[in-house]
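Just need the whole structure built from these sequences, with the hints factored in.
Sequences listed follow chains A and B, in order.
Just so you know, our numbering puts 241 at position 241 of the first sequence, and the rest follows in order with no gaps.
Just so you know, our numbering puts 1007 at position 7 of the second sequence, and the rest follows in order with no gaps.
A hint or two may mislead.
Claimed, not checked - Partial pick of chain B residues on the chain A-facing surface, computed with a CB cut under 7 Å:
#1 1010
#2 1021
#3 1217
#4 1257
Claimed, not checked - Every beta carbon over 10 Å from chain A, so not counted as near; a handful from chain B, in silico:
#5 1014
#6 1018
#7 1042
#8 1048
#9 1118
#10 1136
#11 1140
#12 1177
#13 1185
#14 1200
#15 1202
#16 1203
#17 1205
#18 1221
#19 1256
What the hints assert, rightly or not - Restraint-style ranges between C-beta atoms, simulated for each label pair:
#20 1034/B / 137/A: 31 to 39 Å
#21 189/A / 1089/B: 34 to 42 Å
#22 1122/B / 189/A: 34 to 42 Å
#23 123/A / 1092/B: 24 to 32 Å
#24 90/A / 1129/B: 46 to 54 Å
#25 90/A / 1251/B: 24 to 32 Å
No lab work stands behind these hints, which were simulated from the structure alone.
Just so you know, these numbers come straight off a predicted model, no measurement behind them.
By construction, the Cβ of each residue, glycine as well, lies at the ideal position given by its N, Cα and C atoms.
Next come the chains, spelled out residue by residue.
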Amino acid sequence: MSDAVICRDLWKSYRPRRPIGLKSFVVGPRSAAEGDRFVRQWALAGVNFRVAKGQAFGVVGHNGSGKTTLLSVLLGTIRKERGEVDVRGRVASLLELGAGFHGELTGRENVALYGSILGMTLREIRERFDAIVEFSELDRAIDSPLRTYSAGMIVRLGFSIIMHSPADVFLIDEVLAVGDARFQDKCRHHLREFKKRNGTLVIVSHNMAELSEICDEGICLELGEVVEEGPIERVIAGYRARSATPPPVASAARP
Amino acid sequence: METARRTPRQALELLYLLVRKEMKVRYKSSFLGYIWALANPFAYALVYWIAFKFIMRIEVENYSLFLITGIFPWLWLSASVVSGTRSLFVNATLVKKVNVPRAILPLSNVVQEMVHFAFALPVIVAFVCVAGDYALNASWLWQVPLLLAVQLAFIYPLALSMAVVNVFIHDIEHLVGIGFTLLFFATPMVYPITLVPEAYRHFFELNPFHALIQSWRSVFLQGTLEGAPLAYAAAFAVVAGAVAWLLYRKLAPRIGELV
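Listed below in structure tokens is the structure:
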């Protein structure tokens, strides 16, 4: 089986440099510590993994261990420093649900906007529109402005759009648990179907039950390094064992 | 890995949807929304008309027309660069959480303001015809689209460069606001260039913004489009475009982690 996501010896650091402000020109850095805010050198340190097509890959780790950085690099919004990243096929990101939603627009208009932001063509959006509305269970509310929606409705709409985007790879950050229990079931079912159609998932989550249910393999990150890898159950067990002890140098987390 | 893999068609669709969103938000209550969009430039014009016609009494023929024909294109220019400069921060979620081509964000600000300007065109034309007693001019049909295109090509590189630089030097957005206030007075907007002392007039004529505004005025007031100022504005657009492209290419990869 061929790989959909390949990550080879990936390194990434956030340089200890802030955006330059006039103030620091005039009065200098506020303190010696400010210039050195990112205590840790590497946000990702030699990360290696590959995800086969049709597989789901879980990424676990404490806050600040580099999970979101990893997804951002895979997505391409953050530049890698060293190593190789190869994501094959169309990528859709679920790093934030409904990035670009606007309250004054109706649900219908937001479907078009968000769909386009995710990389769908208008034609694809039109073709899938009915399926999106049906999945979201919004019914006639789809023509009301988004600001009149409940939080659950917004989340359902966002999830429905992304679930219908014709991506080959989904990058998901902590946004699996959306809507009520029934809608969550529906989403899980949909993700499994997506896998069956040879779609690939990379999921960051703190919800171990969810990960063990949907993922096949995974890694556990600690301060940017892979400390556990392999079948998801083993990764989760390793993560749990590490959770029993306090995380090392938590203050070194990226702010 | 190729980032932001989108066909030009998809990029255009996204641009269209982003612009439409702003239009919808701004013209929410459609009719009044349109009135409000016009109110601002007219208020500007009124203030300067009172100040310079009544109080300081400068002698300019058709001063109200002179103001109106300059202020509308100016507001397109300044409003889009000012909002474009902030666009990458305002749309931080689009920059960080999804893979949207970043250059499209300031472009959507510029196009929004262009659409506002285009919506205002009938009012400007009506004003010129009524207050100035001019007749409709058939050559506007090619002059106006041409100038629109030149001004778009003129503004976008400015907005894009400022947006990118603002990510690295955050104070730029304040400087741009102040800069445009200064430029408003440095460009012969509320006074004709003939009032500038002869010794300094040459410097004022070097201002590419002046070339652009002057072109709009001669189109509206004389129905002519002179080659020299237009060519000067177009040349500026080409140079600014090259600079913006280099800046964007060099700095864009680091935007994601700094916004």
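Taking the earlier hints as the rules, which of them does this structure contradict? 3, 5, 6, 19, 22
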